[in-house]
Amino acid sequence: MKNRRRFILLVFIFFIIYVYINNILKSKYYTEIHFLKLPTGDCTLIKSLDRNIIIGKAGKKDSKHIRHYLINQKVDHISELIITYPDKDNVIGFFPVLHDLSIDKLYFPQTEDLDVDTKEFLKIAKDKNISIYPINGKEKWEINHWTLLFLRPLINSSIPESERKAIIKFNFPQNSVLWLPDLNEVDKKDILLDSKALKADILKVSGHNREIFLAKDFLDVVQPKTIIFGDSGKINENELRRIYEWNVDTEVLSVEKEGDIMFYGKGNKYNITTKRKMNIRIQ
Numbered sequence: 001m002k003n004r005r006r007f008i009l010l011v012f013i014f015f016i017i018y019v020y021i022n023n024i025l026k027s028k029y030y031t032e033i034h035f036l037k038l039p040t041g042d043c044t045l046i047k048s049l050d051r052n053i054i055i056g057k058a059g060k061k062d063s064k065h066i067r068h069y070l071i072n073q074k075v076d077h078i079s080e081l082i083i084t085y086p087d088k089d090n091v092i093g094f095f096p097v098l099h100d101l102s103i104d105k106l107y108f109p110q111t112e113d114l115d116v117d118t119k120e121f122l123k124i125a126k127d128k129n130i131s132i133y134p135i136n137g138k139e140k141w142e143i144n145h146w147t148l149l150f151l152r153p154l155i156n157s158s159i160p161e162s163e164r165k166a167i168i169k170f171n172f173p174q175n176s177v178l179w180l181p182d183l184n185e186v187d188k189k190d191i192l193l194d195s196k197a198l199k200a201d202i203l204k205v206s207g208h209n210r211e212i213f214l215a216k217d218f219l220d221v222v223q224p225k226t227i228i229f230g231d232s233g234k235i236n237e238n239e240l241r242r243i244y245e246w247n248v249d250t251e252v253l254s255v256e257k258e259g260d261i262m263f264y265g266k267g268n269k270y271n272i273t274t275k276r277k278m279n280i281r282i283q
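Residue numbers (this note's numbering): 1 to 283.
Calculated directly from the structure, the hints in this document are not laboratory data.
Predicted, not measured: the structure shown is a model, and the values here were computed from it.
Take these hints with a grain of salt, some might be off.
Label-pair distances were calculated between CB atoms; the ranges are [claimed, not checked]:
no., residue 1, residue 2, range
1, Lys74, Pro134, 27 to 37 Å
2, Asp117, Val248, 42 to 52 Å
3, Lys119, Asn236, 28 to 38 Å
4, Asn136, Asp87, 34 to 44 Å
5, Glu245, Asp127, 45 to 55 Å
6, Val75, Val248, 31 to 41 Å
7, Gln174, Lys140, 16 to 26 Å
In this text, a Cβ means the ideal position worked out from N, Cα and C, and glycines have one as well.
From just these sequences and the hints, can you work out the full model?
This is the structure:
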């Protein structure tokens, strides 16, 4: 009888240890990528165990939305804020974040010919002892079990420094996300020089020229299974035609239609959900 009790106790202790370790590993490797629905901007929040990273641009109308979203996500500390293309219209929406939250590092793709508001943004950051870094193409961050890779801008790029933008790729064990800001035809030609690095399961596009990156030559290189429209612009008929003529099985999602979109999971298992889908489940 005593041996039986001892055996049951050992099994119970083993079970508790297993659950505890499993929960630690789950928290350690769990990652979320939030594509936010904003009135004018294009912003993404990455959450992992010890990092909260914001990437994108934000206008004046976006500031309250971003602040409210971060409050709902219980985010009061930003490890890295990456401005993809610094000018007045793209940084002004981040002023409340700069004032109200703790930020460790600020990244800019270029620091030449900045307007008054952007210079003021940098001044406030310096006064708060926030470290400011230029983005160097090919720089790689190891975050838990995945990597964040800056594809552009390159140090020796032929693109004028004042026009350089941040192009980013997330690599997970079994998935990848290519994150494109508002780009133009010159940017497209430049990034296609790195065609081997562009292949990704998820392609995020935005901006006035996003149709350029839905052309067959670009999609053939990236080979996306899912395309996310990350800005408030509605998907037009020509954009859909380009996508489905390339591959009719491509999944198309838009923050304008779906609301906030979240890519989440750990290890080799990841899923995508949207605010619209979550609202349907709640109802």
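Hints, one by one, checked against the model:
| no. | hint | in the structure |
| --- | --- | --- |
| 1 | Lys74 with Pro134: 27 to 37 Å | 31 Å, holds |
| 2 | Asp117 with Val248: 42 to 52 Å | 44 Å, holds |
| 3 | Lys119 with Asn236: 28 to 38 Å | 36 Å, holds |
| 4 | Asn136 with Asp87: 34 to 44 Å | 20 Å, violated |
| 5 | Glu245 with Asp127: 45 to 55 Å | 52 Å, holds |
| 6 | Val75 with Val248: 31 to 41 Å | 38 Å, holds |
| 7 | Gln174 with Lys140: 16 to 26 Å | 18 Å, holds |
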